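Visitor: Note that the protein sequences, when read in sequence, are chains F and Z. Residue 56 in this note's numbering sits at position 56 of the first sequence, with consecutive numbering throughout. Residue 481 in this note's numbering sits at position 481 of the second sequence, with consecutive numbering throughout.
You may find that some hints are simply not true.
Partial list, derived from the structure: chain F residues whose beta carbon lies under 10 angstroms from chain Z [claimed, not checked]:
{"hint": "1", "residue": "P37"}
{"hint": "2", "residue": "L38"}
{"hint": "3", "residue": "V39"}
{"hint": "4", "residue": "E40"}
{"hint": "5", "residue": "Y47"}
{"hint": "6", "residue": "A48"}
{"hint": "7", "residue": "M49"}
{"hint": "8", "residue": "E57"}
{"hint": "9", "residue": "E62"}
{"hint": "10", "residue": "E64"}
{"hint": "11", "residue": "T66"}
{"hint": "12", "residue": "P72"}
{"hint": "13", "residue": "Y80"}
Label pairs and their calculated CB-CB ranges [said to hold, decoys possible]:
{"hint": "14", "chain 1": "Z", "residue 1": "F517", "chain 2": "F", "residue 2": "L61", "range": "54 to 60 angstroms"}
{"hint": "15", "chain 1": "F", "residue 1": "A12", "chain 2": "Z", "residue 2": "H214", "range": "57 to 63 angstroms"}
{"hint": "16", "chain 1": "F", "residue 1": "L61", "chain 2": "Z", "residue 2": "R173", "range": "47 to 53 angstroms"}
{"hint": "17", "chain 1": "Z", "residue 1": "N561", "chain 2": "F", "residue 2": "L61", "range": "52 to 58 angstroms"}
{"hint": "18", "chain 1": "Z", "residue 1": "D467", "chain 2": "F", "residue 2": "T15", "range": "31 to 37 angstroms"}
{"hint": "19", "chain 1": "F", "residue 1": "Q26", "chain 2": "Z", "residue 2": "P543", "range": "49 to 55 angstroms"}
To spell it out: a stretch of chain F is covered by chain Z in this simulated footprint if at least three of its residues, at any positions, have a beta carbon under 8 angstroms from a beta carbon of chain Z; those stretches are [as the list claims (entries may be wrong)]:
{"hint": "20", "stretch": "11-25"}
{"hint": "21", "stretch": "50-56"}
Source of the hints: derived by calculation from the structure; they are not laboratory data. Note that the structure is predicted; figures quoted are calculated from it, not measured. Where is the CB? At the ideal position from N, CA and C, for every residue including glycine.
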Amino acid sequence: MSGTIQDTSVEAIRTWLVGRIAFYLQRSAEEIDADAPLVEIGLDSVYAMTLSGDVEERFDLEVEPTMAWDHPTVNALAGYLHGLLGSRG
Amino acid sequence: MTVDTAPVPGTAPALGSEPDLEAYLGDPHDPANPVGYPAVLAADERGELLAEGERALDGYGLNAEFVPRALGGRFDRADRLAQVLRAVFRRDTTLGVGYGVTTFIAATPVWTSGTAEQRRWMADLLLRHGKASAGYNELAHGTDFGRAALQARLDGDHFVVTGRKEMVGNLSRADAVTLFARTDDRLGSRSHSHLLLDMAALPAAHRRHLRRYHTAGVRGVLLGGLEFTDCPVPADAVVGDLGSAMETVLRAFQVTRGVLPGMAVGIVDTQLRTVLRFALDRRLYGMPVAELPHARATLVDGFLDLLISDCLATVVARALHVLPEQTSVYSAAVKYLVPKLLQEAAHRLSVVLGARSYLRDGPYAIFQKNLRDLLAATLTHASAAVCQATIIPQLPRLAQQGWRSSPPPPPALFRLADPLPPLDFAGLGLSARGMDSLTATLREYLAGPGNDPAVARLCGLFTAELDRLAEVCAELPPRDRTVIAGRRSFDLTDRYATVLAAAACLGVWWHNQDDPFLRDTPWLLAALSRLAGRLGLDPGAAPDGLERHLFIELLERHEENRGFDLVNRHLAG
Numbered sequence: 001m002s003g004t005i006q007d008t009s010v011e012a013i014r015t016w017l018v019g020r021i022a023f024y025l026q027r028s029a030e031e032i033d034a035d036a037p038l039v040e041i042g043l044d045s046v047y048a049m050t051l052s053g054d055v056e057e058r059f060d061l062e063v064e065p066t067m068a069w070d071h072p073t074v075n076a077l078a079g080y081l082h083g084l085l086g087s088r089g
Numbered sequence: 001m002t003v004d005t006a007p008v009p010g011t012a013p014a015l016g017s018e019p020d021l022e023a024y025l026g027d028p029h030d031p032a033n034p035v036g037y038p039a040v041l042a043a044d045e046r047g048e049l050l051a052e053g054e055r056a057l058d059g060y061g062l063n064a065e066f067v068p069r070a071l072g073g074r075f076d077r078a079d080r081l082a083q084v085l086r087a088v089f090r091r092d093t094t095l096g097v098g099y100g101v102t103t104f105i106a107a108t109p110v111w112t113s114g115t116a117e118q119r120r121w122m123a124d125l126l127l128r129h130g131k132a133s134a135g136y137n138e139l140a141h142g143t144d145f146g147r148a149a150l151q152a153r154l155d156g157d158h159f160v161v162t163g164r165k166e167m168v169g170n171l172s173r174a175d176a177v178t179l180f181a182r183t184d185d186r187l188g189s190r191s192h193s194h195l196l197l198d199m200a201a202l203p204a205a206h207r208r209h210l211r212r213y214h215t216a217g218v219r220g221v222l223l224g225g226l227e228f229t230d231c232p233v234p235a236d237a238v239v240g241d242l243g244s245a246m247e248t249v250l251r252a253f254q255v256t257r258g259v260l261p262g263m264a265v266g267i268v269d270t271q272l273r274t275v276l277r278f279a280l281d282r283r284l285y286g287m288p289v290a291e292l293p294h295a296r297a298t299l300v301d302g303f304l305d306l307l308i309s310d311c312l313a314t315v316v317a318r319a320l321h322v323l324p325e326q327t328s329v330y331s332a333a334v335k336y337l338v339p340k341l342l343q344e345a346a347h348r349l350s351v352v353l354g355a356r357s358y359l360r361d362g363p364y365a366i367f368q369k370n371l372r373d374l375l376a377a378t379l380t381h382a383s384a385a386v387c388q389a390t391i392i393p394q395l396p397r398l399a400q401q402g403w404r405s406s407p408p409p410p411p412a413l414f415r416l417a418d419p420l421p422p423l424d425f426a427g428l429g430l431s432a433r434g435m436d437s438l439t440a441t442l443r444e445y446l447a448g449p450g451n452d453p454a455v456a457r458l459c460g461l462f463t464a465e466l467d468r469l470a471e472v473c474a475e476l477p478p479r480d481r482t483v484i485a486g487r488r489s490f491d492l493t494d495r496y497a498t499v500l501a502a503a504a505c506l507g508v509w510w511h512n513q514d515d516p517f518l519r520d521t522p523w524l525l526a527a528l529s530r531l532a533g534r535l536g537l538d539p540g541a542a543p544d545g546l547e548r549h550l551f552i553e554l555l556e557r558h559e560e561n562r563g564f565d566l567v568n569r570h571l572a573g
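This is chain Z alone, in the form it adopts within the complex (with noise of 0.2 angstroms):
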């Protein structure tokens, strides 16, 4: 293992109190910078990791992010973890995914159901920079976990263990691999254990390693494969129960699915920043690019895009904590809904970078590298499909109930400065048994006294909107309950997920009064309308002046160097 402790970019941390990643890397566009763009750019075009950002995130210990609290490491809020790695997205998001959401992918089943030694030994093998690696991908089932046929056959005190993992992030470099195994040749779903494999104790004649998978977007990330042949594994490295995985797995998803949209905010952040940046300096028509309507509409809904896009990940990243027995759907909603948002407001920035937008080189090529990055940062942990196929089954039920009935959440789900209660691996729910208090708080708003007219107008719409959608899951056949289901199921989980995103919006403005930004209701209105409009609902004439408040908000972030996103906070450079 590589325990590189060089001389690091940036400030160092500050000797007892929390060190600040985004202070540490540095100014971005400093070529100097060995984290910069330059750099980033560079490490992209020959296809690898970084090597100088790896360094650096070993000196800042960006492993123990992942790493709970009563483990030694500074994981103790999921909205936190996605808040500190956004900076790192905002650089690089190759280095993120491939530093980064790998470990932490890994690791999280071991949090979830390890023994006390199994979850030591990962967090030591953390905090030591070491590398781990989730093998759970074969390509011939992809996300089928239920048919893996990678197989670990328990002969005494060993398992044998016959098959390959492909297409796994970090693989040919990790030091542990949390296998998903098949432990039993029944069907069924508690026919897949989890192993935790010492890759220093393997013998190597046993396993060989596959070649490297080349992709499109986060090119440097060591995307490999692994084939075992009889290869012993001591009969102690089963986490959890033997036959446990599958349960395991939809507890430990639901935290990286929940946190991981909130990193990807930084990706767009930066898209922002950089085609701001050539508005404000590129003049047509005798004036700057950012002056002219349909650039600056455009500059303005990416805004709102990123705001809604936080304002769910956050939402939902706390959920873990404080709904942890409903987060089984939003956590599939937030991996759904969130990238597929950035993804579009990315597309959407391009057309006002124009031609730039594609040029690899010169001020603004960050942007085409993360435009690639974002695509694969969406695919990463579960395609747009496969969460939309995990909300489906539970749609029934959400409207037979959960939609009318749900109690409102506590405030702390929104109050961004609240503590929050340790997460609970084990008290994540499996299904969330038709309840829905995140949008319950639609209705508790406009059942409050004095609530604002044009916000109760907008929150109206979108209780409206679940009623329909309640008619129509509740009666839904049972073909379409189900993985198998047509568009139609589907197209429905999109429409429930935005008015998911819709509800997050207004309990972040109704309960953060306190922040001079968030209390400001005119981005909420803005917001509340631009979800309606994704719904084909009409939320009536926007008032006037209202883009260009938003616009001189933008503008003063830009100026001030300050992030687009919810935290609102000064960044490096």
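Isolated chain F, as found in the complex (with noise of 0.2 angstroms):
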């Protein structure tokens, strides 16, 4: 899973993160809601910080642990990672 990924747009980052969390609750893509409190839908803290675990090792990219706990819906999320990764350069 280590790596850059080749595609770094907002709508790429979402649809990863709504796979991640699809895979930790168990659920379809379909049924994550992009705008909803990640804590609302059933990823609580230890998820959120199983997540930013993810999001490290995908992107080759340092992050704080508590990542969704500042920026806690997948859309704020994807918004927050972009932001991170095209000031990378």
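Put the two chains together into one complex; each comes in its own frame, and the hints tell you how they fit.
Guide: Here's what the structure looks like:
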């Protein structure tokens, strides 16, 4: 899962995040509301920290383990990560 | 606040040098010692915290051990803190918990996230022998902190606090309370804040003390509750940013959980000494009990369990300084495994003591008290299950990389006499990011030149175990990666913690070759074999005379009145 990814558009990041969250919650990607607070769709603080680990491995990027506490929806996270990856050049 | 400087037992600390708590507390068997076993047992029977003991600890200034040196205290090393507190736990776990640990847990979040003023205030309070209480527990939510309900609503220049905390040590007599409060109604991990309460300044009409909770162990500890009703608290009482309490807890509790198990080693030091004394005095079948093969094996196993526990406890405490980015896993592992090992050891030792293991009076009565107190020491500040649940979410990432490719730790992790860098509370990582340098020690030793074949063979058992764990943990189904995981994940953390203990033993042996006992290979072989057996692995036949060798060491330490731990120091009495 490590290494860089070709597409760092918001859309690609969002799709990948939805896939991870669907995996953790054992639901289909269609069921994940990108604007719903993660904690309300069942992603508790522990999953949220695990997600930070996934991000680090996927994008070869160091993020705070609390990233998803401060950007608590899929769309908020996608925007935040896009900002970080875009500025990486 | 009570500031009592009444005359105290033992010798007064010498001016200009570090006081020695063990010597200061004196001979525990001396009936005239106000903090000896007879007094400790009598207080336990009354369900009281030993008042003379509290005075003695005030006289020594125990609270200073919890206050960072920069703030005028004596705290600069987590491993030393555990070793100093062992002197208290050797005598009275109730005092250790009721006087010491409670205050330590309450103060640590303030060192971690408090302002300079808050740290100064807490330090001054502790240095005046004040009591601080850790206001976390609500019976309805326990360690599910995210659902803690006690609410603090910001209203202009103050909070309005409503709700209750229950089963909290020293709450009824605390000068300060570190209160974990909900400051946002939303779900999530940014919805709680710590408020640092100056109890003397709170209006009495808005708070009410709840009844005392009575316990089977540490019976003198004052567990109480507090109910707040629209209680005003100044806005500047918030510790760190509003909503940051969860993050603070994840750092601060690494320190407290990383240090407590090392204190509890003192309890089993006393258990082993008590049973050994009995086994040498009592004759059965024409010989001392200690010469009966089963009894002797049990005593040696108890000694090994104590050494293993101290290796892991000491190494994790040092890791807080040396590997702070990795201790989120280690501190949970040590708080899980060490109390469990100590409890199992005490139960096995009770078999040698026989009926005397539950006699509440007579020369061995401290044993039954410690047996009950050990359970409380295990449950205090995160049960085994809570610690395991802390490790589980990190297992997949450890499995994917850390167990194969982490760099070995600096030797200072193990070199007991080496100085340690200051503990940087803010530098403690919330996640180990898949790194595990402690177990990398096993591979480092195996890869090195000129290793001892017997040591290497045993180390190989643990690296193979780690490989098996990696296979399973990398493929854990999503549900089994969380706190609601099934039994299998919990079992995996037990196996992993056992491998960590093996790595700690190896490192302590390998990097302390200037210590006449620690460099001795037999104890390591026996410790690793014992841990391998715990995993159901076959350590092979023990070398001839190994048990006898360790038994002689145990007897020597007993005769010379030295501790059974890594410190191996002379004890009072």
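Visitor: With reference to the structure, classify each hint as holding or not holding.
Guide: Against the structure, the hints:
no., hint, verdict
1, P37, "7 angstroms, holds"
2, L38, "8 angstroms, holds"
3, V39, "4 angstroms, holds"
4, E40, "6 angstroms, holds"
5, Y47, "6 angstroms, holds"
6, A48, "7 angstroms, holds"
7, M49, "6 angstroms, holds"
8, E57, "8 angstroms, holds"
9, E62, "8 angstroms, holds"
10, E64, "8 angstroms, holds"
11, T66, "6 angstroms, holds"
12, P72, "6 angstroms, holds"
13, Y80, "15 angstroms, violated"
14, Z:F517 with F:L61: 54 to 60 angstroms, "47 angstroms, violated"
15, F:A12 with Z:H214: 57 to 63 angstroms, "60 angstroms, holds"
16, F:L61 with Z:R173: 47 to 53 angstroms, "50 angstroms, holds"
17, Z:N561 with F:L61: 52 to 58 angstroms, "57 angstroms, holds"
18, Z:D467 with F:T15: 31 to 37 angstroms, "34 angstroms, holds"
19, F:Q26 with Z:P543: 49 to 55 angstroms, "51 angstroms, holds"
20, 11-25, "holds (count 3)"
21, 50-56, "holds (count 4)"
Hints 13, 14 from the earlier list are contradicted by this structure; the remaining hints agree with it.
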